[in-house]
Amino acid sequence: MRHDPGRAPTAPTVARNQPFLDSGANDNDREGEKTVSALIEEILTANRSYQSSFGNKRELAVAPKRRLAILTCMDARLAPLQFAGLVEGDAHVIRNAGGRASEDAIRSLVISYKLLGTREWLVIHHTGCGLTTLNDDRLAQLLESSLETARFDGANWLDTGAGPGSSEGQYINWMTIADPKRCLIDDVRRLRNHPLVPPVITIYGFMYDVATGALLEDAEASTVGRARAQA
Amino acid sequence: MSTVVQEVLSANRAYQSEFGDRGKLAIPPARRFAVLTCMDARLDPAKFAGLAEGDAHVIRNAGGRASDDAIRSLVISYKLLGTREWFVIHHSDCGMETFTDDLIADLLSKSLETATINGGGWQDVGKGPGAPDGRFIKWLTIRDAKGSVVEDVQRIRNHPLVPKTIPIYGYIYDVRTGALIEIAEATAVGAVRE
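As they're listed, the protein sequences go chains A and B.
Last residue of the first sequence: number 231 in the working numbering, and the count goes up by one each step with no gaps.
Last residue of the second sequence: number 1194 in the working numbering, and the count goes up by one each step with no gaps.
No lab work stands behind these hints, which were simulated from the structure alone.
Hints may be right or wrong, so weigh each one.
[To be verified] Computed far set for chain B versus chain A, every beta-carbon distance over 12 angstroms:
| # | residue |
| --- | --- |
| 1 | A1115 |
| 2 | G1119 |
| 3 | R1143 |
| 4 | D1144 |
| 5 | G1147 |
| 6 | E1151 |
| 7 | Q1154 |
| 8 | V1189 |
[Unchecked claim] Pair ranges (Cβ atoms, derived):
| # | chain 1 | residue 1 | chain 2 | residue 2 | range |
| --- | --- | --- | --- | --- | --- |
| 9 | A | R226 | B | G1147 | 40 to 46 angstroms |
| 10 | A | S167 | B | A1184 | 33 to 39 angstroms |
| 11 | B | D1021 | A | R58 | 34 to 40 angstroms |
| 12 | A | R226 | B | K1138 | 29 to 35 angstroms |
| 13 | A | S167 | B | K1138 | 34 to 40 angstroms |
| 14 | B | Q1123 | A | N193 | 25 to 31 angstroms |
| 15 | A | S53 | B | D1093 | 19 to 25 angstroms |
| 16 | B | S1010 | A | P199 | 40 to 46 angstroms |
| 17 | B | Q1006 | A | V200 | 16 to 22 angstroms |
| 18 | B | G1119 | A | P164 | 51 to 57 angstroms |
| 19 | A | G55 | B | K1138 | 35 to 41 angstroms |
| 20 | A | R226 | B | P1160 | 38 to 44 angstroms |
[As the list claims (entries may be wrong)] Derived lysine to any residue pairs resembling SDA-like cross-links, with alpha carbons at most 25 angstroms apart:
| # | chain 1 | residue 1 | chain 2 | residue 2 |
| --- | --- | --- | --- | --- |
| 21 | A | K65 | B | R1176 |
| 22 | B | K1127 | A | I40 |
| 23 | B | K1146 | B | S1092 |
| 24 | B | K1146 | B | H1159 |
| 25 | A | K65 | B | M1001 |
This one's a predicted model, so the numbers in the text were calculated from it and none came from an experiment.
Ideal Cβ positions, reconstructed from N, Cα and C, are used throughout, including at glycine.
This is chain A alone, in the form it adopts within the complex (with noise of 0.2 angstroms):
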């Protein structure tokens, strides 16, 4: 596959244009056929067109230029520091699955500010996400038949794979998201409420709509994680 090596290669169209709910991660022939060191071989291809006009961002300094944090979902679609106009030296930007508000997104978030400086913090969940499709229950039972890719028919996930898989899923908390505008504030609350968290950090709530792409905020999160003091 040839492609301007600045720009990441674009995948077929027909790829692109797949709704979810015809999941097209299970179809074998998509990229599923380049080999592995083609995919290595094309993101060091861009990585070097990178290094060519790296220019002086080897002077950024550790410490984030506008003090903001955002904390995301790892959903392929989000480009968070180009939906948010940032360059590389402006934000720390933590990514899981969901955006959630995990112990590891907290440790992160502490030492983003306790560390670093980072004195206000974005909360980005998004429409459309993964995790509003299953529970946590059926999450382990999908694990439990196999560890291979599962299959979305629309409403329900489906295993078709060969076992043997693993009873280790029931154990995990998933984080997997019933109601997204409640989850988004619950989420801002947690981090509002961590004893390790100052109340002088402003903690915004925002939904990034995938059809779109606007950022929207979520005027109730936005005010439960208000500043509840001057710096």
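Go by the hints and put chain B onto chain A.
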């Protein structure tokens, strides 16, 4: 709303206006891979690895460590959304190399303000009170950048919910040059198991 957030929203309006057909992207990553890397502000994985929206999952935390939460995310990434190759990318000059669990717990016990670093290491200059809760957290600090990549790849490789068919590659990103440098030992540890 602060100036910074207003700037973010103004930039977001510009992004929306050029959003094009990104609204039609599928949830499963088109290039079927996931990246685990550090939250460090100097890193933009989309740029340094040439990712467009829709291409890959990106998981980031302090250090880019293989925490339980990173593993939760990676398992969701392959089990529901079909990724088949994973990159663990730590970086040079990581803040996680500058302290220990005891040190950050001490700093947090003194105050909840930002500490300062100088030749003598981290110093707390804030007004108290702090909180003792930092003693009960595993901070996943890093002593040896290369060693931490190998350990993290190994932890993921050995996890009972990670299928043996997923290759896991270990890299260090050089913040001075922008280069991705493979750690052969990590990639060997992360190789597919038959």
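Structure-based check of each hint:
Taking the minimum C-beta to C-beta distance to chain A, about 6 angstroms, the non-interface status of A1115/B is violated against the 12 angstroms cut. Every Cβ of chain A is farther than 12 angstroms from the Cβ of G1119/B; the closest lies at roughly 16 angstroms, confirming the non-interface assignment. Every CB of chain A is more than 12 angstroms from the CB of R1143/B (nearest about 16 angstroms), matching its label as outside the interface. The claim that D1144/B lies off the interface holds: its Cβ sits roughly 18 angstroms from the closest Cβ of chain A, which is beyond the 12 angstroms cut-off.
For G1147/B, the non-interface assignment is confirmed: its Cβ lies about 20 angstroms from the closest Cβ of chain A, beyond the 12 angstroms cut-off. Residue-level check passed: E1151/B sits 16 angstroms from the nearest beta carbon of chain A, beyond 12 angstroms. Under the 12 angstroms C-beta cut-off, the non-interface status given to Q1154/B relative to chain A holds; the minimum distance is some 17 angstroms. Residue-level check passed: V1189/B sits 16 angstroms from the nearest beta carbon of chain A, beyond 12 angstroms.
Take R226/A and G1147/B: their Cβ atoms lie about 42 angstroms apart, and the range 40 to 46 angstroms holds. Between S167/A and A1184/B the beta carbon distance is about 35 angstroms. The supplied range of 33 to 39 angstroms therefore holds. Restraint check, D1021/B to R58/A: a C-beta distance of roughly 36 angstroms satisfies the suggested window 34 to 40 angstroms. Between R226/A and K1138/B the CB atoms are about 30 angstroms apart, so this pair conforms to the stated range of 29 to 35 angstroms.
In this structure, S167/A and K1138/B break the distance hint of 34 to 40 angstroms, their C-beta atoms being roughly 25 angstroms apart. Our hint of 25 to 31 angstroms for Q1123/B and N193/A holds, since their Cβ atoms are close to 28 angstroms apart. Our hint of 19 to 25 angstroms for S53/A and D1093/B holds, since their Cβ atoms are close to 20 angstroms apart. The hinted range of 40 to 46 angstroms is not satisfied by S1010/B and P199/A, whose Cβ atoms lie roughly 28 angstroms apart.
Checked against the given bound of 16 to 22 angstroms, the beta carbons of Q1006/B and V200/A, roughly 19 angstroms apart, stay inside it. Checking the proposed 51 to 57 angstroms range against G1119/B and P164/A shows it holds: the Cβ atoms sit about 56 angstroms from each other. Under the hint 35 to 41 angstroms, the C-beta atoms of G55/A and K1138/B, about 37 angstroms apart, fit the expected range. At about 42 angstroms, the CB distance of R226/A to P1160/B agrees with the hint of 38 to 44 angstroms.
The hinted pair formed by K65/A and R1176/B meets the criterion: a straight-line CA distance of about 17 angstroms does not exceed 25 angstroms. Among the hinted pairs, K1127/B with I40/A is inconsistent with the structure: their alpha-carbon atoms are about 49 angstroms apart, more than 25 angstroms. Distance hint between K1146/B and S1092/B is fulfilled; the C-alpha atoms sit about 9 angstroms from each other, no more than 25 angstroms. Note on K1146/B and H1159/B: the hinted pairing holds, with a Cα-Cα distance of about 20 angstroms set against a maximum of 25 angstroms.
Restraint check: the Cα-Cα separation between K65/A and M1001/B comes to about 18 angstroms, which is no more than 25 angstroms; the hinted pair holds.
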